[in-house]
Amino acid sequence: MTATRLSSGGSAIDRSRPVSFSFDGRKLQGFEGDTIASALLASDVAVVGRSFKYHRPRGIWGAGVEEPNALVDISGSVATTPNTRATTEFVLEGMIAKSVNASPNAAADRNAFIDRFSRFIPAAFYYKTFMWPDWHLFEPRIRAVAGLGEVDTGWQSSGPADQINRHCDVLVVGAGPAGLAAAKLAAGAGQSVILVDGQREPGGSLNHRTGEIDGKPDAAWVAETIAELSAAGHIVLPSTTAFGIYDHNLVGLNQRHVDGRPDTLWRVRPRRIVLATGAIERPLPFANNDLPGIMSADAALIYLRRFAVLVGRRIIVATNNDSAYEVAGALAEAGADVTLVDSRKDGAPAAPEGVSRMAGRLVAAARGKVRVEGAVLDDGTVLEADCVAVSGGWTPTIHLFCQARGKLVWSEAQAAFLPGDPVEGMAVVGAAAGAVSLSGVFEGAAKAMPGATTSPAPRSTGVEATGGILAAWPIPGARGRVWIDYQNDVTAKDVELAARENFISVEHLKRYTTLGMATDQGKTSNLAGLALMGAATGRTVPEVGTTTYRPPFTPVPLASFAGARGGELMSPVRRLPLENVHRAQGAVFQEYGGWLRPAHYGGADADRAIQDEARRARQSVALFDGSTLGKIEVMGPKAAEFVDFIYYNTMSTLKPGRCRYGFMLSENGVVFDDGILVRLDEHRFVVSCSSSHVAAVHARLEEWRQDRFGRDAVYIHNATSEMATLTVSGPNAKNLLVALNLGLSLDDTDLPHMAIGEGMFETEPVRVARVSFTGDRSYEVSIRADRAERLWARMHEAGKAFDAVTIGLEALMILRAEKGYIVIGKDTDGTTLPHDLGVDGPRAKRKSEYVGRRSLFTEVAMPDSRQQLVGLAVARGEEPLATGAHGISREGGKLRSQGFVTSSYHSPTLARPVALGLIERGAARHGETIDIQHLGMVRRATITGPCAFDPSGERLNA
Amino acid sequence: MTRRYSALSLIKEGLAGQKGWQPAWRSPEPKKIYDAVVIGGGGHGLATAYYLARSHGVTNVAVLEKGWIGGGNTGRNTTVVRSNYYYPESVAIYGLAHRLYEGLSKELNYNVMLSKRGMVFLCHSTGEMEIGARTVNAMQINGVDAEMFSVDDVRRVAPVLNFAPDARFPVFGGVWQGRAGTARHDAVAWGYARAASALGVDIIQNCEVTDFIVEGGRCRGVQTSRGTIRTDRIGMAVAGHSSVLSAKAGLRLPINSYALQACVSEPIKPILDTVVLSPGTGVYVSQSDKGEIVIGGALDRVPSYGQRGNLPTLEGVISGLLEMFPAFGQLKLMRQWAGIVDVVPDSSPIIGESPLPGLFLNCGWGTGGFKAIPAGGTLLAHLLATGKHHDISRPFDLDRFVTGRLLDEAAGSGIAH
Amino acid sequence: MQLFHCPFCGARDETEFHFGGEAGNLRPDGADAPADRWANYLYMRDNPKGAVREVWVHMNCGEFFVMERDSVSHQVLSSTSLDGAGHAQ
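These protein sequences, in sequence, are chains G, C and L. Read in order, the letters of the first sequence are residues 1 to 958 in the UniProt record's numbering. Read in order, the letters of the second sequence are residues 1 to 417 in the UniProt record's numbering. Read in order, the letters of the third sequence are residues 1 to 89 in the UniProt record's numbering.
Check before you lean on any hint, since a few could be wrong.
Unchecked claim - Simulated restraints on C-beta separations:
#, chain 1, residue 1, chain 2, residue 2, range
1, L, Tyr41, G, Glu424, 36 to 42 Å
2, G, Asp259, L, Cys9, 37 to 43 Å
3, L, Ala35, G, Ala696, 26 to 32 Å
4, G, Gly538, C, Gly67, 19 to 25 Å
5, C, Arg226, G, Ser455, 38 to 44 Å
6, G, His717, C, Gly67, 48 to 54 Å
7, C, Arg155, L, Asp83, 53 to 59 Å
8, G, Ser455, C, Pro159, 46 to 52 Å
9, G, Gly567, C, Gly14, 49 to 55 Å
10, L, Asp83, G, Gly602, 51 to 57 Å
11, L, Cys9, C, Ala410, 30 to 36 Å
12, G, Leu569, C, Gly178, 33 to 39 Å
13, L, Cys9, G, Ser20, 54 to 60 Å
Unchecked claim - In silico lysine-lysine, DSS-like type, Cα no more than 25 Å apart, as pairs:
#, chain 1, residue 1, chain 2, residue 2
14, C, Lys32, C, Lys269
15, C, Lys269, G, Lys98
16, C, Lys19, C, Lys66
17, G, Lys407, L, Lys49
18, G, Lys407, C, Lys66
19, C, Lys66, L, Lys49
20, G, Lys655, G, Lys407
21, C, Lys66, C, Lys12
22, C, Lys106, L, Lys49
Read the hints as simulated data drawn from the structure, not as lab findings. Backbone N, C-alpha and C fix where the C-beta goes; we use that ideal spot for every residue, glycine too.
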């Protein structure tokens, strides 16, 4: 028995509230306030996980975010979460924790045998083998053993994660001594402060290291400072990690909650950022330094003082620096038999009381099979131990500084990279800036917070920490397996192999060996790796350099980034003013171009319902909600000139009260939109564009207005959502409209095809446009959207006399296809030019400039071999062609596409299929047959003109 | 000097303490004169040098890399390899790349881990199914192994997807290419580098091209941070920085540079064995052999040369991901990064001699350069060796922007590639 | 999230803006404009690394304006309405 819970002490735990949980199926007890790691140590669970590649047994290394070994999947009374760090996750009643990458469990992993073959599978071995006969034979097995935690496929979100945006004057990251001092000074200077810390309790190192501030015990000073800040209305966020710094000083925070709520994402935009992120302790390089029971010395102190867990009975404290001395003293005082092995002969502090010290000695190798049993020193001395607490020095946590593109400088004296030239709007203080003593920390904090402040900088009044260190990097050629990256199983030999094979760039080192690419992102391992690379290649550490630091500093739940943007909130659909009325009429809705619209009405059999609607529409009269059609008003002294420029067709010759159909082109000549332009008066037009193009057309109009015509020449107003447009179409359309009494003459001389009239529905003005997308006489009645329901109801009442049918978009699609009317983006693609659709007049004749004009005369626009709009007919009784089928030819034994079917339906009125397509030279090939291929099957069709129904257009005026 | 890699060599070296491995590629000092110089030590540049040496016998070649090889988009993409394109010209170029990828590990004696696990483009509506059919038919006519997938077919290959009929982007089916998959991106660069170096190509890292030497209207060499290098044939394969370098040669290109972001989750046990693209949500996702969920998405909104991630695009991509894969809501983001891509109006590459004779271009691959590396290398090598277009590269010449003969896959297929 | 400055509305999130192209890209009118000049206008770009001058639109208010910024550091240097910038030239 080795690690134990002491009978008293532990500032983080509440002994009155025991918590039971399970680990790898074992029922265990902890206390409220325990992390999974501290509770496991208290129960002397040594092996808590298996490494990624070799499945080596691994124990708890650290006590915070740097933890490389102790990853668990948690479930039970908490939301299922794979790959959780046991050192930062608190135990909760009923929590089920399971070690990752171990089967059946960490203690007895059936893949442990892999380690015995480790010499044959060094770093990057997979690039050198598995090529014959094929990687596919090997990949599934390798995939199966890779990966860490397991996903619960039935997992469901308990609700969206909160996202909070905040501005503040100063964001202080880290609530240790440096961060608290900086926050206090900033608050004293009247600045608004947000102070965040990854731990549940602020204080940082003050929570487990000894110190005295302003004459008070450090814990009292922490409590007082936090109380002051909170009382003054500043925001203090514990359990919150700043994970990334983005453009324009935006900082992302990941806030955790103890009550099981999803984490909260904060986006904070401070004027100034103070990084007080501390430093992370490094391992020492010796053989077998990954055995369970070998842990960070600072972590050993944290477990002792915060959780009352004594991590061993016979403990070797191995160090190369002063910081482990307090640890050794405290462990001895708690009753452990402590031997301090310091690599320095001279310059070290005095050995703490009750600790035997061996100066100028290094640990050469750890002994033990499943957990550490002792160590061999460089002089051959063998020491028994059940725990080795190591300190290889401190790596300042400068990730955020580097994300903000700060440059680092190497400090040989401190054996660390420190922040170099300051980044604008950011200061780095405390251990992150290389400060060691509290005095040094406070001095740095005061410098970072210049300006008037009512709070004096805190003063250290106790014993000061010292920072003596003799660098201890892995040495090339050292014996045994010296682990650099615990999680990804990278050893010193792997780094040397990379050097030997010329992967000497630090980025190549990372990618080739996977050093630093695990979930801990190399927080404990990177520096040792690049120091060894330097030694192996005759370069200094700064010459090797560091890899790029990328967000996030610690893993952040994906759900935090998504927030509430799920379902319809992710991509809202646009809705008709009369949606509820359509629903009451039995409409089946579908999304079309971003709009939710009735596809058809009623009927379990959709096809039958659609056919029925299309057939009845031709027989008498149909009602259709066309409110989605764009209605963009263009007005002003140069409105006519403007629409001439915007449209392919000349529009300025249009008479007031009349409508004209036209195309809008993109500057590359491609037909971008089609629709009706209405001229209301001399200087006022309404652009009626496709439903799905309203926003884009509006933006184009604005662009040309502002960039070519000027603000005073034209004014543009998008009235699409203000007005509902209800369409009456069919042989009885006029009769139905007469019955509505709209107060305008529907006489064909007063309101001919392609004209508009103004009328009144009850007390509301309406605009009636006689235009048609069905080929039958049609009237589009536009009315204020909030008055449309009454008009729609009246239309249905009046329609009863004519057996009116309400039709959805699918029936309309059949009607327009019968007529050969196109839908842009369906019957055209991103290469279709206006003359491909048979509209060559403007291109041939227009003299004035218009959008896209020059592109109609490029080399590619000229040939008559282009794909052109056609109709495609198949024999009566056959199934319609498949939309998306291609016309094919065989040339030299090879298939070639000649174009494709764009729209295809069964026409109930013609009692045969109708189809439109874009076919090479189609306009000149009417009457020819063509092979049409769909999913390997070939049929024949006859090329025709696009219009299959009423080609003479008599019904428009019938 | 290059030793063959095999299981046997691993066993031998395992017994010998890994001491016998040689540098994967040499790092010589640059010479003053080369027969050809390739600017850019990414996949395309290294492949170009390899094919120059292997297919054309031109071995006195230097690859000049500003930083470290494979450090640009080759090492930053989401590793997808596929050839499911709409136009025959595109099928020719990506099909060439795909076929070469299939033999690449053996050819280079370097396992690039081509994993043909298949890829599905999801269709979220009947309209998208029609466009999917148009695409599949075009592909089948052009000889691509494309299939139309029903919703049940999709369920078979990616059961973890959200199949709820009332989902915001319901799954109606998809377009499947079984031969598509992923490859290990770094290995492609390293494998080509090792093979090219073995054939005599000089790979010069930390060598930035600062200017072009132009004499008599031709490009005759380059000034670099490591001295002047003269040559009569220069190939440029510097995706993301194509405009910057061509400006030094006095050229403008039809390119805007944008950051394309990607990210990975923490590694988990296998859950997704195929590549899934959902055009509705703009999400591109697969699971790596290490177990990470590899997530790609749309371009950033703002043109940029800043190789770093940001929040708005990431948030959009991840909300799309969770909409398609609700179970991934229990995962955490591990790493986020960005690469700078050449965005061309028709999203097709530019390959050919530049208006400055002697300078040849390989650029404009947009978000899809990785999958084309073997073809990009083959075609640029052909241009450098012969001075003429390969039949496959002809349609991709810069002159298409004057003739209007653009090859816009999105325009043709309705699916943005 | 970058902050851009609309000349009408002030500082707003980048997601409210749409990139409109490089400033000073003049349109050659006429069906007989030389093919290469038209291609230049339609497709060719300077795409500089560093200082850029671009046309943007603030989608919420519809204002087109010229923004100067740095394409590497993303520092925004100035925003001017199109009128003030002389029609983006």
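For this session: Identify every previously stated hint that the structure contradicts and give their numbers, smallest first.
Result: 5, 8, 14, 16, 20, 21, 22
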